[in-house]
Amino acid sequence: MGTRKVVVRNRIRPAGMKKRAKSKMRTGSADAILTEIIRNGVMAVTEEMKINLTRTAYNPIIYEALDFTTGLFTAEGETVSIGLGLPSFIRGMSNTIKAFREHFAKLGPGIGIDPDDILVTNDAYTTGSHLYHFTFAKPIFHGGKLCAFVCCMAHWAEVGGVLGGVTTDIYSEGLQIPIMKYQKQGVINQDLIAVIKMNVRIPEKAMGDLRAQITAVKSGERRFMELLDRYGREPVLDAIRNIMDGSEAMARARTRAIPDGIYEAESYMDDDGVETGKRVPIRVRVIKQGDEMTVDLSQIGPQVRGFYNSGPSTGYGCAQVAYKCLTSPQDYPVNEGSLRPVKVILGNASVVTAVRPAAMRVWMTVPMTVVDTIFKAMEKALPRQTIAGHFADLVSGHMSGILPQTGRLFVGSLGPMGGGWGAKYNEDGMCATVCLNDGDTHNAPCEQSENKYPILIERHALRQDSGGPGRFRGGLGAERSVRVRTPLALNTQMERVHCRPWGLAGGMEGAGNGYRLNIDGRELTDFPNGKMFRRFKEGDVYTLMSGGGGGFGPPQERDPQRVAHDVRQGYVSEKMAREAYLVVLNSDGTLDRDETGRLRSSTTGTSVTVGQNDGPKRETP
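Just so you know, we're using the numbering used here here: the sequence shown kicks off at 205 and counts up by one.
Be a bit skeptical, because a hint or two may be false.
As the list claims (entries may be wrong) - List time: in silico BS3-like cross-link candidates among lysine-lysine, alpha-carbon distance up to 27 Å:
| id | residue 1 | residue 2 |
| --- | --- | --- |
| 1 | 409 | 385 |
| 2 | 547 | 528 |
| 3 | 492 | 349 |
| 4 | 492 | 547 |
| 5 | 401 | 422 |
| 6 | 422 | 310 |
| 7 | 388 | 401 |
| 8 | 349 | 422 |
| 9 | 547 | 584 |
| 10 | 528 | 302 |
| 11 | 656 | 409 |
| 12 | 422 | 409 |
| 13 | 492 | 388 |
| 14 | 401 | 656 |
| 15 | 422 | 385 |
| 16 | 302 | 547 |
| 17 | 302 | 349 |
Unchecked claim - Pairwise CB distance ranges, derived in the manner of DEER restraints:
| id | residue 1 | residue 2 | range |
| --- | --- | --- | --- |
| 18 | 631 | 244 | 29 to 39 Å |
| 19 | 553 | 369 | 46 to 56 Å |
| 20 | 779 | 407 | 46 to 56 Å |
| 21 | 479 | 306 | 33 to 43 Å |
These aren't lab readings, by the way, just hints derived from the structure by calculation. For each residue, glycine too, the CB sits at the ideal point set by N, CA and C.
Using the sequences plus the hints, can you model the full thing?
Okay, structure coming up:
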């Protein structure tokens, strides 16, 4: 039976619902107490959105890997709070909301954004990412006035398009949804639902994830409306302005502490998957002056034929993620204020400003390396805030085939595997941690993956000697060996095989990403890059290997006892200990102090005596 609806203050509510009580608070500037209440309130809004999404999604890449972001934004599209998620989504969501506003403003009276609308797109050139990321946003009206948006961007399992190989244009990558309304004044667009169902291979999962995202934005609207009703629209919006201004002030103060200057660095992507071995240059230039920083990405390589492209939202996002990490990593909520002091210069039609019809499927690999390279540029200016290079890839295999039990198609991946992060000036890098671009995302439990897909995970372990040697060692990568239990196709899209994670301040590079195969009992390891599309039969084994992080500081300055401990743990081999760290061990694995002293003295040309507690100590930041 349908629900009769009546219009109340330009908001649509079911008949019989009580009117919200008007706030008794005086309109005006929010004081410090109210500002702190709202600071925690907006974080609670986006956190509840995040929880509701993960509890109702059908796709493990959402509820297990957490490949999504929820957010609250001002009426103008400025970020208020984010439920991480992926940090690189922040600018994409903000720009998408601004694009929603601009699009509907152009359509004229009567076709604009109304109460109880829900807007949607997966346009790659708006979001900056690929077509798998569906973005839903709901406007929030209070007292007839548009005062905020809630938004959710999440990764769907598949959206049509080809399943494997390298795509060379956006049209082969799946269904494209332009900016439109999923719901208009409470009425769902059933034609859009029909189009989506007809263009995806597993519609029940797509519809389940769609409903989960709608649940997230509706719960966000409800919770923010409670704040508006309780404290009043203007006081809440004043408090949000206070929060942003405070974040901006802290970011500017920390920026002033950075030495003025021009800082540059360069790295590269291995290739685009089409022209094997042709490097894609990643050049960054950072200009620091006073309380502002300009990140110049205009010299990054042009967009490529393969699918390693991303849109302008990602270009801006790279600079902003790096800037926030360097200046205000602990300032919450994540909001527009802390990003105001950074300016971004982008070129035209580059791998971070691609234009239609560039392929975008593996958009996420480029920004990781760009952020890494910005840190590399800032080493001399901020040696205590930067980290050495990390493995910078998802290291994920995308599988498809037929489930033998049901005869139905399956499409999925084992999720991001995690790898080594770069060392800092005062500590080793993290091991087997998901890449920088993916923030809060998780790897998937082996048992869950085996339950969902026809595979057997024979080994999932840290990768010895993958961390770059240094005074502080880079984090270790991981390796996962998977035995196929039914014929399937596997697609890998790994980067940073040849551009290995670099060390800083004399540290050495870590191992690159890679893979090896065991086909009919033969081990295959010699591959030109990390891109593969291959069909496997029952019994074949593939092993994906994530790289390690770069080291920080000269490795011969590492505490020999810590090297001995690394060898005992299996992190470092005896060969690596001797050749890179100049450390000699006894047959029982203990440190041979005399031989280590002689080796270090003869190699460095200075007298070295290795005592019981020699070596650098961990400092307190």
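Hints, one by one, checked against the model:
For the proposed pair residue 409 and residue 385, the alpha carbon gap of about 21 Å is at most 27 Å, so the pair holds. Restraint check for residue 547 and residue 528: satisfied, since their Cα atoms lie roughly 12 Å apart, inside the 27 Å limit. As the CA atoms of residue 492 and residue 349 are separated by approximately 40 Å, the hinted pair breaks the 27 Å bound. Taking the CA atoms of residue 492 and residue 547, the gap is near 10 Å; set against the 27 Å cutoff, the hint holds.
Of the supplied pair hints, the one linking residue 401 and residue 422 holds, its CA atoms being roughly 22 Å apart against a limit of 27 Å. Restraint check for residue 422 and residue 310: the C-alpha separation of about 26 Å stays at or below 27 Å, so the hint holds. Taking the CA atoms of residue 388 and residue 401, the gap is near 20 Å; set against the 27 Å cutoff, the hint holds. The straight-line distance between the Cα atoms of residue 349 and residue 422 is roughly 18 Å, inside the 27 Å bound, and the hint therefore holds.
About 21 Å separates the Cα atoms of residue 547 and residue 584, which keeps this hinted pair within 27 Å; it holds. Between residue 528 and residue 302 the alpha-carbon distance is near 22 Å, which keeps this suggested pair within the 27 Å criterion. Among the hinted pairs, residue 656 with residue 409 is consistent with the structure: their alpha-carbon atoms are about 14 Å apart, no more than 27 Å. Restraint check for residue 422 and residue 409: the C-alpha separation of about 20 Å stays at or below 27 Å, so the hint holds.
Between residue 492 and residue 388 the CA atoms are separated by roughly 46 Å; this puts the pair beyond 27 Å, and the hint is violated. In summary, the hint linking residue 401 to residue 656 is supported, as the alpha carbons are separated by about 22 Å, within the 27 Å threshold. For the hint pairing residue 422 with residue 385, the CA-to-CA distance comes to about 15 Å; that is within 27 Å, so the pair holds. The straight-line distance between the Cα atoms of residue 302 and residue 547 is roughly 18 Å, inside the 27 Å bound, and the hint therefore holds.
Simply put, residue 302 and residue 349 have alpha-carbon atoms about 17 Å apart, close enough for the 27 Å limit, and the pair holds. Residue 631 and residue 244 have their C-beta atoms about 31 Å apart, which keeps the hinted 29 to 39 Å range intact. Checking the proposed 46 to 56 Å range against residue 553 and residue 369 shows it is violated: the Cβ atoms sit about 24 Å from each other. Taking the beta carbon of each, residue 779 and residue 407 are about 54 Å apart, inside 46 to 56 Å as hinted.
Hint check: residue 479 to residue 306, Cβ distance near 36 Å, so the stated range 33 to 43 Å holds.
The structure does not agree with the numbered hints 3, 13, 19 stated previously, though it agrees with the rest.
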